[in-house]
Amino acid sequence: MQTISFAGTAKNTGKTTTALHMVERCHARGLRLALTSIGYDGEIKDNVTGLPKPRYVLQPGDWVATAEKCLKTGTAGYHIHHTSSIYTVLGRIVFVEITSPGLVVLAGPNRRTDLEQVLADFRRIGVDWVLVDGALNRLAPMICTGGLVLSTGAAFTEDIPTLAEHARALCAMFQFPLSSLPPTAAVTLSLPNSDQEIKLDSGSLLSQAAFQALEAAAEAAPPQHVRIPDACHPACLLDLLTRKPALCQAQWVFGSPLKLLASGDPRLWEAVWARLQHPPQYFETLPLRCLTLNPFYPSYHAATWSYSEKFLDANALLTAVRAQVTAVPVLNLRQPPIPDLLDLLTPSCTPS
Amino acid sequence: MKTVLLAPLDPVHDNAVKLLKRRLDEAGYQALTMPPGTTVEEVVEKALAVHPAAILVSRTLGYKVAETLGQLVDLAEASGLRETTRLGVGGMAITKETGAELGFDGTFVGALNIKEVIAFIEGRQGVLEEDHSAQVQRPKPDVVAGHTYAWKDRKIEALLDTITDQILDWTKGKTSDGIQRALIRTEMLEAGVAHRASPQSPVRQRLLEKYLSFCDAEIQAAYQEGKLPSGVRPLDQAEIDRLPERLAGGHFEFQPLRHVGDKPLFFAQYGTGCPVMDVVHIKTTEAWGADGVLHFDPSWGAQREGLLQGHLTHEHDGTILTLENLSFIRQHMEAPTLWNVRGHRGLNTPETQVLAHAAGADLLKINIPYGGTAGGTDPERLTVDGVFALRLAAQYGLPFDIPGNDELSGVPPHKTFAGLLIMMMLGLKLGARPIPKPLLCYSPHMTIYGHMDDNMVDMNVAKLAVWQEIVDTPVWPGEPVGFMTHTPDRVQSAVTTANHAALAASMGVSAMTFASSDEAYSKGPISVPARVDTLRAVRESLRFLGSAHFQPTPAAQRMQAQLHLGITAVLEKIAQRGDFVASIYEGLLGDQEDGLYPGRTGRGTVRAE
Ligand code: B12
Chain A
260 MQTISFAGTA
270 KNTGKTTTAL
280 HMVERCHARG
290 LRLALTSIGY
300 DGEIKDNVTG
310 LPKPRYVLQP
320 GDWVATAEKC
330 LKTGTAGYHI
340 HHTSSIYTVL
350 GRIVFVEITS
360 PGLVVLAGPN
370 RRTDLEQVLA
380 DFRRIGVDWV
390 LVDGALNRLA
400 PMICTGGLVL
410 STGAAFTEDI
420 PTLAEHARAL
430 CAMFQFPLSS
440 LPPTAAVTLS
450 LPNSDQEIKL
460 DSGSLLSQAA
470 FQALEAAAEA
480 APPQHVRIPD
490 ACHPACLLDL
500 LTRKPALCQA
510 QWVFGSPLKL
520 LASGDPRLWE
530 AVWARLQHPP
540 QYFETLPLRC
550 LTLNPFYPSY
560 HAATWSYSEK
570 FLDANALLTA
580 VRAQVTAVPV
590 LNLRQPPIPD
600 LLDLLTPSCT
610 PS
Chain B
65 MKTVLLAPLD
75 PVHDNAVKLL
85 KRRLDEAGYQ
95 ALTMPPGTTV
105 EEVVEKALAV
115 HPAAILVSRT
125 LGYKVAETLG
135 QLVDLAEASG
145 LRETTRLGVG
155 GMAITKETGA
165 ELGFDGTFVG
175 ALNIKEVIAF
185 IEGRQGVLEE
195 DHSAQVQRPK
205 PDVVAGHTYA
215 WKDRKIEALL
225 DTITDQILDW
235 TKGKTSDGIQ
245 RALIRTEMLE
255 AGVAHRASPQ
265 SPVRQRLLEK
275 YLSFCDAEIQ
285 AAYQEGKLPS
295 GVRPLDQAEI
305 DRLPERLAGG
315 HFEFQPLRHV
325 GDKPLFFAQY
335 GTGCPVMDVV
345 HIKTTEAWGA
355 DGVLHFDPSW
365 GAQREGLLQG
375 HLTHEHDGTI
385 LTLENLSFIR
395 QHMEAPTLWN
405 VRGHRGLNTP
415 ETQVLAHAAG
425 ADLLKINIPY
435 GGTAGGTDPE
445 RLTVDGVFAL
455 RLAAQYGLPF
465 DIPGNDELSG
475 VPPHKTFAGL
485 LIMMMLGLKL
495 GARPIPKPLL
505 CYSPHMTIYG
515 HMDDNMVDMN
525 VAKLAVWQEI
535 VDTPVWPGEP
545 VGFMTHTPDR
555 VQSAVTTANH
565 AALAASMGVS
575 AMTFASSDEA
585 YSKGPISVPA
595 RVDTLRAVRE
605 SLRFLGSAHF
615 QPTPAAQRMQ
625 AQLHLGITAV
635 LEKIAQRGDF
645 VASIYEGLLG
655 DQEDGLYPGR
665 TGRGTVRAE
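If you're matching them up, the sequences are chains A and B in order.
In the numbering used here, each residue's number is its place in the first sequence (first place is 1) plus 259.
In the numbering used here, each residue's number is its place in the second sequence (first place is 1) plus 64.
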């Protein structure tokens with residue numbers, strides 16, 4: 260079983276369109292497909308812009324894990340296979356097999372542990388691919404999937420250079436290796452040439468006070484390794500590294516790229532990486548498989564209080580982003596020749 | 065003691081957070097609050113320090129909701145909080161869908177429901193939604209509970225004693241086709257052959273033939289030739305089958321209209337003509353917090369000897385009384401909903417009580433003086449049938465209510481109330497539990513004589529307070545309260561009903577009935593939204609009132625004293641006359657000048673047993 264998750268840098272960057280492309284490719288190859296979402300995907304129109312939103316049309320034989328209350332909202336026929344013990348705001352998560360074609364509304368597990376359970380159930384059911392739709396800019400639970408597809412575009416910013424720089428910083432987050440050090444629960448400093456470790460109170464560094472505690476701990480001797488298993492505020496870290504350049508010598512190990520993205524803007528992290536002597540490492544990571552671009556953005560008309568569809572120059576966008584992002588394929592799924600995402604992702608999206 | 069972290073993720077609005085803190089502190093939690101303008105990082109940092117069971121955030125402003133709240137959820141996941149701490153969100157800017165999209169464990173929409181919040185903190189989420197047993201455990205309320213029927217006015221008690229002795233004496237050995245039909249219906253029910261769908265056994269055949277021999281030709285034709293009265297047709301099976309689908313998806317949690325205490329109980333009327341539509345109205349009424357409903361039948365039903373059978377729908381106002389219709393309607397009610405079937409005015413009064421009881425009614429409705437006047441049944445016939453019906457109420461152990469709607473014809477309240485008192489004493493003597501229903505209305509009498517020109521409070525207060533001087537009885541103003549103050553304006557209509565409801569509640573009544581906001585002028589069946597108007601308006605006025613009280617003014621006290629004197633005088637005349645039926649014919653309980661004429665249907669149909 261392969262799993263892939265989809266996330267966007269903002270609303271309307273083409274996350275669902277990308278996932279739908281995968282749905283279509285899987286159908287064309289006759290693969291057994293399953294879908295779930297860590298958010299809610301069902302509105303016919305965007306809540307803010309009133310513009311139509313892409314929706315999931317599934318075929319008999321497809322599988323879905325979604326909240327009970329979403330089942331009635333869709334138009335697809337379905338058969339309930341089993342009901343899980345996972346609760347969401349919209350009721351328990353149920354596993355259904357689609358029996359007649361139609362729309363489905365997705366609202367699935369929203370925590371990592373729940374998503375893991377859903378993936379385990381799909382493995383037992385025996386599907387070929389599980390597609391996990393993301394929610395807005397939320398990423399953290401996706402760490403348990405076999406790979407990630409990110410979508411960005413004009414809806415994030417209409418300024419192409421900014422968009423490209425953001426994309427570069429974002430993609431760079433996924434290029435760092437795993438650490439061979441054992442994971443810790445708390446922020447841990449290891450002193451050079453000794454077994455001595457200093458542990459802080461929590462696994463995260465979010466406040467000024469937490470960074471002061473780190474600074475105090477590093478006062479005696481500059482650490483060899485600093486391990487931060489959970490969240491970390493990039494601006495505070497940058498500030499600390501500027502004030503204490505000795506800390507830049509250490510090997511920094513973080514929980515995962517997704518935890519860092521939840522903590523702050525990738526461009527801030529890029530600035531942090533620029534200061535470090537050694538590239539950072541992670542306890543956990545997942546491969547970024549591809550970046551998709553969407554030139555669409557909603558344009559507001561004050562006179563009529565309405566939005567309309569606008570597009571950036573697709574070629575200019577693609578060229579600018581490709582110039583910045585070289586480690587992963589950068590695609591526009593609407594631009595001929597239409598690339599085949601399934602080809603690109605096969606065979607290696609097996610979850611860790 | 066569990067810790068709960070409360071944070072407004074909003075630049076200023078934090079009143080909900082402060083309210084939540086008080087309610088959670090009272091419930092035994094340690095609720096820690098953060099100030100408005102707190103950042104997502106600060107919330108997570110604080111949570112990492114205090115290890116709360118739950119973080120509850122509140123968001124009022126409608127912009128940037130998704131970005132701000134989504135960031136909290138992701139950061140909580142990244143910092144490992146989500147395995148130990150539940151994330152909840154509420155506030156004006158939040159919908160269930162946003163909550164799901166943002167990945168919260170709980171979303172609280174609308175006004176604060178602290179039970180729901182506590183269930184969430186305790187990890188019993190979903191329990192509230194799935195636990196239908198909580199609903200089943202709600203006991204059926206009792207309208208008459210707490211009253212002894214002890215007479216406080218000895219003079220009135222003695223007069224009533226004389227009058228009712230005469231009635232009971234006079235009805236001895238008399239019967240009617242209506243009573244015969246009630247007896248046959250009872251026999252059919254006992255033999256299990258009362259339903260249309262019952263197997264065609266010789267017993268059913270024999271009893272049905274006997275039954276029809278006491279019916280009008282029109283009713284006979286319906287049974288024998290399947291020819292239904294005009295405007296009536298059988299309900300389509302598909303219409304019945306589709307009902308569960310129409311009702312599906314609703315989530316029922318009973319929220320009484322009362323803000324304090326467990327009385328008064330609130331009743332609404334239904335009778336759209338179509339039993340399926342009635343069920344929709346009843347479900348709405350229940351969902352918006354009423355305690356009970358009253359079934360209204362077509363007015364022509366009272367003028368025919370005999371009742372129809374089967375699932376029948378009627379083009380015009382009023383839902384046809386059949387065992388099938390009644391059972392169907394009851395089957396779709398919540399078990400604790402109180403149910404009253406009107407049947408007090410017509411030729412089928414005893415039989416209606418039999419069917420209503422068989423279908424599961426909780427209350428019966430009988431009033432001889434009202435039913436025996438104003439286009440109703442002949443007083444002689446209704447006295448015989450009414451006494452029989454009271455015996456049934458006693459036998460079934462069901463309370464019966466006595467509507468005082470004679471006032472609508474122009475009768476002054478003291479005459480109407482004298483009639484209600486006679487019915488009370490009669491019921492008590494036969495072992496039944498009566499509930500008088502003084503009408504809170506802007507009646508023709510009040511309009512013509514100007515008693516309510518200045519205000520609508522004094523007279524209504526007097527009409528409720530006078531009962532407390534006479535007898536310890538439950539009082540149930542109806543039917544509906546505020547009658548004749550309503551206009552076609554739905555807002556006006558809901559407000560006047562709500563005002564009357566608050567006044568009656570403040571006077572300590574046991575129950576009351578109210579109309580939908582389009583009931584007086586619907587020009588056809590009333591609509592569901594109009595029903596909701598009144599329920600909402602009444603809830604609001606009770607919230608406004610709480611356990612505060614209206615205090616009778618000197619003017620109200622004068623009116624009350626006059627009313628009391630008037631009642632006594634009427635009863636004296638009737639006792640003196642020594643003949644209750646003759647008293648009605650002669651207008652002692654309301655005469656032609658008052659606008660009251662004796663009923664004529666069923667004249668000359670009383671015979672010896
Ligand atoms: C009081 C108030 C203020 C006060 C706030 C004081 C304070 N310390 O909170 C002041 C005057 C400061 C204020 C300012 C503003 N306000 Co103001 N304010 C209100 C007002 C009148 C009442 C809100 C309130 O306190 N209600 C009482 C609380 C207890 O109820 P509640 O918040 O509705 O919460 C209930 C439920 O939702 C639930 N609940 C809420 N949160 C949660 C969380 C959980 C976990 C749970 C279980 C339940 C729950 O429980 C509560 C009880 O039932 C509303 C209008 C209104 N009538 O609602 C406007 C309103 C909220 N304000 C509004 C606005 C626009 C502003 C301003 C931006 C105006 C301006 N242009 O300057 C400014 C803010 C400026 C800024 N810095 O950003 C708008 C919001 C519109 C929108 N959709 O975004 C409103 C709706 C008024 C309007 N119609 O325009 N405001």
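Derived by calculation from the structure, the hints in this document are not laboratory data.
Computed from a predicted structure; not experimentally measured.
Ideal placement from N, C-alpha and C gives every residue a C-beta, glycine not left out.
Misleading hints may appear alongside valid ones.
[To be verified] Stretch by stretch, here's where chain A covers chain B in the computed footprint (C-beta under 8 Å, at least three residues):
1) 105-112
2) 138-151
[Stated by the list, open to error] Quick list of in silico lysine-lysine cross-link-like pairs, DSBU-like style, CA-CA up to 30 Å:
3) B:Lys160 with A:Lys270
4) B:Lys110 with A:Lys503
5) B:Lys216 with A:Lys328
6) A:Lys270 with B:Lys128
7) B:Lys160 with A:Lys331
8) B:Lys179 with A:Lys569
9) A:Lys331 with B:Lys347
10) B:Lys110 with A:Lys458
11) B:Lys66 with A:Lys458
12) A:Lys331 with B:Lys66
13) A:Lys328 with B:Lys128
Check your understanding: lysine 216 of chain B and lysine 328 of chain A: Cα distance at most 30 Å?
Key -> Outside the cut-off at roughly 58 Å; violated.
Practice item. Verify the proposed pairing of lysine 160 of chain B with lysine 331 of chain A, using a straight-line Cα cut of 30 Å. Key: Holds, because 15 Å separates the two Cα atoms, which is no more than 30 Å.
Exercise for review: With a cut-off of 30 Å on the C-alpha distance, tell me whether lysine 270 of chain A and lysine 128 of chain B pass.
Suggested key: holds, 12 Å
**Study point:** Pairwise hint evaluation, lysine 66 of chain B against lysine 331 of chain A, where the allowed Cα distance is 30 Å at most
**Key:** violated, 37 Å
Review point. Taken at face value, is the distance from the CA of lysine 458 of chain A to the CA of lysine 66 of chain B at most 30 Å?
Key: With a Cα-Cα distance of about 27 Å, the restraint between lysine 66 of chain B and lysine 458 of chain A holds, given a limit of 30 Å.
**Study point:** Given hint lysine 569 of chain A paired with lysine 179 of chain B - CA-CA distance at most 30 Å
**Key:** Between lysine 179 of chain B and lysine 569 of chain A the Cα gap is close to 47 Å, so the pair fails against 30 Å, i.e. violated.
Check your understanding: Are there at least three residues in the stretch 105-112 of chain B whose beta carbon sits under 8 Å from a beta carbon of chain A?
Key -> holds (count 5)
Review point. Is lysine 328 of chain A within 30 Å of lysine 128 of chain B, Cα to Cα?
Key: holds, 26 Å
Exercise for review: Given the hint that lysine 110 of chain B pairs with lysine 503 of chain A, test it: the Cα-Cα distance must not exceed 30 Å.
Suggested key: holds, 26 Å
Point to revise | Per-stretch coverage check for the stretch 138-151 of chain B, three Cβ contacts closer than 8 Å to chain A | key: holds (count 8)
Review point. Hey, lysine 160 of chain B versus lysine 270 of chain A, does the alpha-carbon distance stay inside 30 Å?
Key: It holds: about 18 Å lies between the C-alpha atoms, which stays within 30 Å.
Review point. Regarding the pair lysine 331 of chain A and lysine 347 of chain B, is the alpha-carbon distance no greater than 30 Å?
Key: The given pair, whose Cα atoms are some 21 Å apart, holds under the 30 Å limit.
Consistency with the previously given hints fails for numbers 5, 8 and 12, ordered from lowest to highest.
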